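Sequences listed follow chains L and P, in order.
Just so we're aligned, residue 34 is where the first sequence starts under this note's numbering, counting upward by one.
Just so we're aligned, residue 34 is where the second sequence starts under this note's numbering, counting upward by one.
Since the hints were derived computationally from the structure, they do not count as laboratory data.
None of these values were measured; they are calculated from a predicted model.
One or more of the hints may lead you astray.
As the list claims (entries may be wrong) - Label pairs and their calculated CB-CB ranges:
| id | chain 1 | residue 1 | chain 2 | residue 2 | range |
| --- | --- | --- | --- | --- | --- |
| 1 | L | 367 | P | 131 | 42 to 48 Å |
| 2 | P | 34 | L | 473 | 57 to 63 Å |
| 3 | L | 354 | P | 434 | 55 to 61 Å |
| 4 | L | 354 | P | 252 | 34 to 40 Å |
| 5 | L | 334 | P | 305 | 58 to 64 Å |
| 6 | P | 295 | L | 322 | 42 to 48 Å |
| 7 | P | 149 | L | 481 | 44 to 50 Å |
| 8 | L | 276 | P | 50 | 44 to 50 Å |
| 9 | L | 150 | P | 434 | 40 to 46 Å |
| 10 | L | 300 | P | 131 | 45 to 51 Å |
For glycine and all other residues, C-beta sits at the position ideal for the given N, C-alpha and C.
Number of protein chains: 2
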Amino acid sequence: MSASKIIHELEQIVGKKYCRTDQEARLTHSYDATPLFQAWPHVVVYPQTTEQVQALMKVAHREKIPVISRGSGTNLGASAVPVQGGIVMVFTRMNKILEIDEKNLTVTVQPGVITRQLHDAVEAHSLFYPPDLGSMAISTIGGNIAQGAGGLRGLKYGTTTDYVLGLEAVLANGDIIRTGGKLTKNVSGYDVTRFLVGSEGTLAIITEATLKLLPKPAFQQTMAVYFSGLDAAAEAVSAIISARIIPCTLEFMDQGTMKVVEEYAGIGLPVDQKAMLILEQDGPKELVEKDLAQMEQICQNLNATKIEIAKTGKDRIKILEARRTTLSALARATATTILEDATVPRASIPAMIRKITEISERYNVRICTFGHAGDGNLHPTCMTDSRNQDELARVEKAFAEIFNAALELGGTITGEHGVGLAKAPYMKQQWGIAGIHLLNRIKEAFDPHHLLNPGKIFYQSEEEKTCQNRPAHP
Amino acid sequence: MSASKIIHELEQIVGKKYCRTDQEARLTHSYDATPLFQAWPHVVVYPQTTEQVQALMKVAHREKIPVISRGSGTNLGASAVPVQGGIVMVFTRMNKILEIDEKNLTVTVQPGVITRQLHDAVEAHSLFYPPDLGSMAISTIGGNIAQGAGGLRGLKYGTTTDYVLGLEAVLANGDIIRTGGKLTKNVSGYDVTRFLVGSEGTLAIITEATLKLLPKPAFQQTMAVYFSGLDAAAEAVSAIISARIIPCTLEFMDQGTMKVVEEYAGIGLPVDQKAMLILEQDGPKELVEKDLAQMEQICQNLNATKIEIAKTGKDRIKILEARRTTLSALARATATTILEDATVPRASIPAMIRKITEISERYNVRICTFGHAGDGNLHPTCMTDSRNQDELARVEKAFAEIFNAALELGGTITGEHGVGLAKAPYMKQQWGIAGIHLLNRIKEAFDPHHLLNPGKIFYQSEEEKTCQNRPAHP
Chain L
34 MSASKIIHEL EQIVGKKYCR TDQEARLTHS YDATPLFQAW PHVVVYPQTT
84 EQVQALMKVA HREKIPVISR GSGTNLGASA VPVQGGIVMV FTRMNKILEI
134 DEKNLTVTVQ PGVITRQLHD AVEAHSLFYP PDLGSMAIST IGGNIAQGAG
184 GLRGLKYGTT TDYVLGLEAV LANGDIIRTG GKLTKNVSGY DVTRFLVGSE
234 GTLAIITEAT LKLLPKPAFQ QTMAVYFSGL DAAAEAVSAI ISARIIPCTL
284 EFMDQGTMKV VEEYAGIGLP VDQKAMLILE QDGPKELVEK DLAQMEQICQ
334 NLNATKIEIA KTGKDRIKIL EARRTTLSAL ARATATTILE DATVPRASIP
384 AMIRKITEIS ERYNVRICTF GHAGDGNLHP TCMTDSRNQD ELARVEKAFA
434 EIFNAALELG GTITGEHGVG LAKAPYMKQQ WGIAGIHLLN RIKEAFDPHH
484 LLNPGKIFYQ SEEEKTCQNR PAHP
Chain P
34 MSASKIIHEL EQIVGKKYCR TDQEARLTHS YDATPLFQAW PHVVVYPQTT
84 EQVQALMKVA HREKIPVISR GSGTNLGASA VPVQGGIVMV FTRMNKILEI
134 DEKNLTVTVQ PGVITRQLHD AVEAHSLFYP PDLGSMAIST IGGNIAQGAG
184 GLRGLKYGTT TDYVLGLEAV LANGDIIRTG GKLTKNVSGY DVTRFLVGSE
234 GTLAIITEAT LKLLPKPAFQ QTMAVYFSGL DAAAEAVSAI ISARIIPCTL
284 EFMDQGTMKV VEEYAGIGLP VDQKAMLILE QDGPKELVEK DLAQMEQICQ
334 NLNATKIEIA KTGKDRIKIL EARRTTLSAL ARATATTILE DATVPRASIP
384 AMIRKITEIS ERYNVRICTF GHAGDGNLHP TCMTDSRNQD ELARVEKAFA
434 EIFNAALELG GTITGEHGVG LAKAPYMKQQ WGIAGIHLLN RIKEAFDPHH
484 LLNPGKIFYQ SEEEKTCQNR PAHP
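Assemble the whole structure, with the sequences as input and the hints as a guide.
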């Protein structure tokens, strides 16, 4: 069928207004939050119902057109870049919270709901959706699920995957499946629900989700701790966990990051210090205060230079602001900011930090490191300029070594950002040949024609490694 | 190759002593804990290393022989019955705890470790492996993982799947894969780790597992509450959760179950009451006591007839004994005890209990109901006699209606026991045709020749519905 006839068919499904082929729509959906990756889609559609998603998918299946589902595009692994063109399916119109079930402690949502709105809505019922993502003021829950998003409370509460109880999804052939439900226990057949979490839109298109909620913690308290040495900060992380304390947040920032944040936000960080930790505990007041006191003691024993415990809600927001503004601050500090996601067993955090420092010095590249220390999830972030090809080549080599170091320490190439295009070249190292073959066979089982977000996770060629300014398909 | 040559090859791999074709070995591995299902394997092997498992699997793959991996055989869905004969691979020799990592809060084990031994070993380090299975004095961790075992602490702590961080597994073609690791966060490729949990040995053979641990709760307290009406007991469950209390255990037993347990164990249960709840909370002492007091108040408001709070460790064990002995008591009370596993959203527990009562009366069958009320996970248990063919036919019809009722209430045909052979005929109702097709394609991706635990999960024919006394293959 001719391109114009297909477009006409898509218009019939979603309405002319919601099927766009103009340059503006195509340009704004040619990239996500990952620098250096861009590819143009042929058409951008905005479905409003599962039935519309199904009808669109059936056309795509018949015509063998790639389909890339997308929320707000905050992805950091180029997972939402339509590298083979085709249809970008945007879920901003499917943005309803369908039900908050207080008896079963669940919430059922459409994929386009903004994560922060979900938080606010359930908290109004004294309920709690723990995944606390850096991007949650913008990101959608559908994107969070597709990427298996992590965030700041992973250590105590786990990540998105721990809260997805049931899904409705459209398969590559247009079939609609429903998995799971409002159930604490369910072992009927394979766990397709959790398998779709983190599958980056390559296996199915999520059209509805039922999520687990917890009672909202009664109280929370936050503390910032500064150290004159990197090792002492890293050691504090280990000492806290070894003391059998599981704080809800345990964040790390190195001096480079602190300096950039201070320049950007001017919140009075002591930038002469080598590292800071942000610690938060939640739960019943007496318990929170006990844990805070114990963590304070541990940090003092490790010669922390300064400890600030938030006395008021305002104090707390100020401390957390340092962490929340990190990505924005880093992004504005240089022309090109490449944020990575190497993750290791938490006891290997000191070794990993030393390794990153050594590598960045050896390649003469500027790397600021921050991240979720309690999860072993670091974000070494390179401050560079994509116009400097020589430096960019060194950056790429440095990151390859950082990924290697993470794997050697028993870690992973991506803790929470996903593989997308950016990390696909490193998958073989992590999974081995047998593992890659298995992943390929699974992909084929779901999507034999490679229509769903093609080119992601599975590395195809050197050419795709950087698809910067890749032209649109005709 | 001839059967005797294949047996010789298997002997070469594991040693003659650990490759058995005698009638005793074959008989004792022809059934698991599920009544009415039996089928003889050709050979029983006991590997000691992953490399032996791999070598065995390569022979099976070459010769297209079914392989059923098995721990202690406590399964209640006939998942370990070798319905197509072949090789039963028993993991009792791979029973080592390889590492307790106190810094990363993980334990790495071989699959044959007895669950109770794992509990004891980590608790000696003040650590805690939450899944608390009814069968854990006998069951193995490999079996727990293969079945996605649930247990008594699901409401607060989740089930086995929430604690599996990494796996080593042998695929149907003999490939060895390693997934995950000592990582809180990991989104590198599909979540094969959790997908293998609950896959009942149909996708891969698990040879090693890394499990997540928590700090051991400082304190726990237990309470038994009796009610003169079923509805009040069911309402108490809802009222507790609605009050935003998440106890670690919230068990239910009806009068029929109480009577059987009392006859068996003689522990002084007030058998004139209609229902009992067993409630337990763990955590810091002050918090546990606060929750217990609040739950006591809720039960009093619902006119509980008697409340016993354990004052000593002995009291606690006595209360929990009522629950722990349930299966043994029911199993001995009649010739044939069929224990089911219908599970619903927890707010639907009252509706489900009413439905079970109505169905059992209509079919004139004796059903005792107990289970994990906090999880919506009920075990309606039929007391029957397999020699009474007329009654058995009514039992089968009653259970079919019970499964239907669970699905109508948004539930599942199996909360924690798995599908196996017993529930395979009901899978289509839960998944729909599109879902079943997808599960089939996934199975093919892992195991194209259907060598791994064939006949399970996927229902083939009426004949297989009861494979009682199925003869051994030649």
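| task | Determine whether the Cβ-Cβ distance between residue 276 (chain L) and residue 50 (chain P) falls within the hinted range of 44 to 50 Å. | result | 48 Å, holds
| query | Given a hinted range of 42 to 48 Å, is it respected by the beta-carbon distance of residue 295 (chain P) and residue 322 (chain L)? | reply | 46 Å, holds
| task | Please test the hint of 55 to 61 Å on the beta carbon pair from residue 354 (chain L) and residue 434 (chain P). | result | 58 Å, holds
| query | Holds or violated: 57 to 63 Å for the Cβ distance of residue 34 (chain P) and residue 473 (chain L)? | reply | 31 Å, violated
| message | Does the beta carbon distance between residue 300 (chain L) and residue 131 (chain P) stay inside 45 to 51 Å, or does it fall outside? | response | 47 Å, holds
| task | With 44 to 50 Å as the target window, see if residue 149 (chain P) and residue 481 (chain L) comply at their CB atoms. | result | Holds, since residue 149 (chain P) and residue 481 (chain L) (Cβ atoms, about 45 Å apart) stay within the stated range.
| field | Supplied distance hint 34 to 40 Å, evaluated on CB atoms of residue 354 (chain L) and residue 252 (chain P) | value | The hint (34 to 40 Å, Cβ to Cβ) holds, given that residue 354 (chain L) and residue 252 (chain P) are roughly 37 Å apart.
| message | Against the range 40 to 46 Å, how does the distance between the Cβ atoms of residue 150 (chain L) and residue 434 (chain P) compare: consistent or not? | response | 42 Å, holds
| task | Given the hint of 58 to 64 Å, check if residue 334 (chain L) and residue 305 (chain P) actually sit that far apart at their C-beta atoms. | result | Since residue 334 (chain L) and residue 305 (chain P) have Cβ atoms about 59 Å apart, the given range 58 to 64 Å holds.
| Outcome for the supplied range 42 to 48 Å, where the beta carbon pair is residue 367 (chain L) and residue 131 (chain P) | The hint (42 to 48 Å, Cβ to Cβ) holds, given that residue 367 (chain L) and residue 131 (chain P) are roughly 45 Å apart.
Hint check: a violation occurs at hint 2 only; the rest are consistent with the structure.
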